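For this one, chain S is given, so just place chain A on it according to the hints.
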Amino acid sequence: AQTVTQSQPEMSVQEAETVTLSCTYDTSESDYYLFWYKQPPSRQMILVIRQEAYKQQNATENRFSVNFQKAAKSFSLKISDSQLGDAAMYFCAYTPLWSNTGKLIFGQGTTLQVKP
Amino acid sequence: DVKVTQSSRYLVKRTGEKVFLECVQDMDHENMFWYRQDPGLGLRLIYFSYDVKMKEKGDIPEGYSVSREKKERFSLILESASTNQTSMYLCASSLANSPLHFGNGTRLTVT
Numbered sequence: 001a002q003t004v005t006q007s008q009p010e011m012s013v014q015e016a017e018t019v020t021l022s023c024t025y026d027t028s029e030s031d032y033y034l035f036w037y038k039q040p041p042s043r044q045m046i047l048v049i050r051q052e053a054y055k056q057q058n059a060t061e062n063r064f065s066v067n068f069q070k071a072a073k074s075f076s077l078k079i080s081d082s083q084l085g086d087a088a089m090y091f092c093a094y095t096p097l098w099s100n101t102g103k104l105i106f107g108q109g110t111t112l113q114v115k116p
Numbered sequence: 001d002v003k004v005t006q007s008s009r010y011l012v013k014r015t016g017e018k019v020f021l022e023c024v025q026d027m028d029h030e031n032m033f034w035y036r037q038d039p040g041l042g043l044r045l046i047y048f049s050y051d052v053k054m055k056e057k058g059d060i061p062e063g064y065s066v067s068r069e070k071k072e073r074f075s076l077i078l079e080s081a082s083t084n085q086t087s088m089y090l091c092a093s094s095l096a097n098s099p100l101h102f103g104n105g106t107r108l109t110v111t
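Protein chains in written order, with the working numbering: chain S, 1 to 116; chain A, 1 to 111.
None of these hints come from the bench; they were simulated from the model. Be aware that one or more of the hints could be misleading.
Straight line, CA to CA, 27 Å or less: simulated DSS-like cross-link-like pairs of lysine-lysine [said to hold, decoys possible]:
no., chain 1, residue 1, chain 2, residue 2
1, A, K3, S, K103
2, S, K103, A, K71
3, S, K103, A, K53
4, S, K115, S, K70
5, S, K55, A, K71
6, A, K55, A, K71
7, S, K103, A, K55
8, A, K70, S, K115
Some chain S residues well away from chain A (every beta-carbon gap over 10 Å; in silico) [unchecked claim]:
no., residue
9, Q44
10, S80
11, S82
12, Q113
From a predicted model like this one, the values you see are computed outputs, not experimental measurements. Glycine included, C-beta positions come from ideal geometry on N, C-alpha and C.
So that you can see chain S by itself, here it is in the shape it has in the complex (with noise of 0.2 Å):
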């Protein structure tokens, strides 16, 4: 079965710090997507960040940036100049390549406080 884990329930960073969240995924696929989405208080997802497993290449987008490692299955998403706004519940998801229903599995969230 393919799951996603998100292991850290909350986490903190200081404003205009650097902060790391931490993704693994088990399936037995090779050919996948891999996603980063927030959701602020006002609940609207939003996507952040999106990974193809093909691509050897880390995805970043501004501020945000992953570090892929395909063999070990992990997908970390690294938060950089962190600031107010950033403060909202994180998601880790995985969707394969041959779905192009794009049905995602997600992860159990991270809880991003931001602190002044």
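Then chain A, alone, in the frame of chain S:
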């Protein structure tokens, strides 16, 4: 921008009631999804639909049904609401092989 609209932000229903959660998207997406979000469990897929009148069970379909009569609308139905269905419900839509776009969620309380 894609807009996914869920009809209610908060809903309170009694045990045994039939409950309808409505979701509408405005971008002609083929795929639509209903997820349930619970603390410590993340999001779990209830049902999804990849075309009008087509539906497939997700990971936790028991106690739920869905309807998709028009491409833009995907309804989640609780035939007889129970207290263990108190949760946050999130609707999403997408094109094939594209990221999901989510609504703002409906927080349902069953008393």
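Hints the structure fails to honour: 4, 5, 8 and 9
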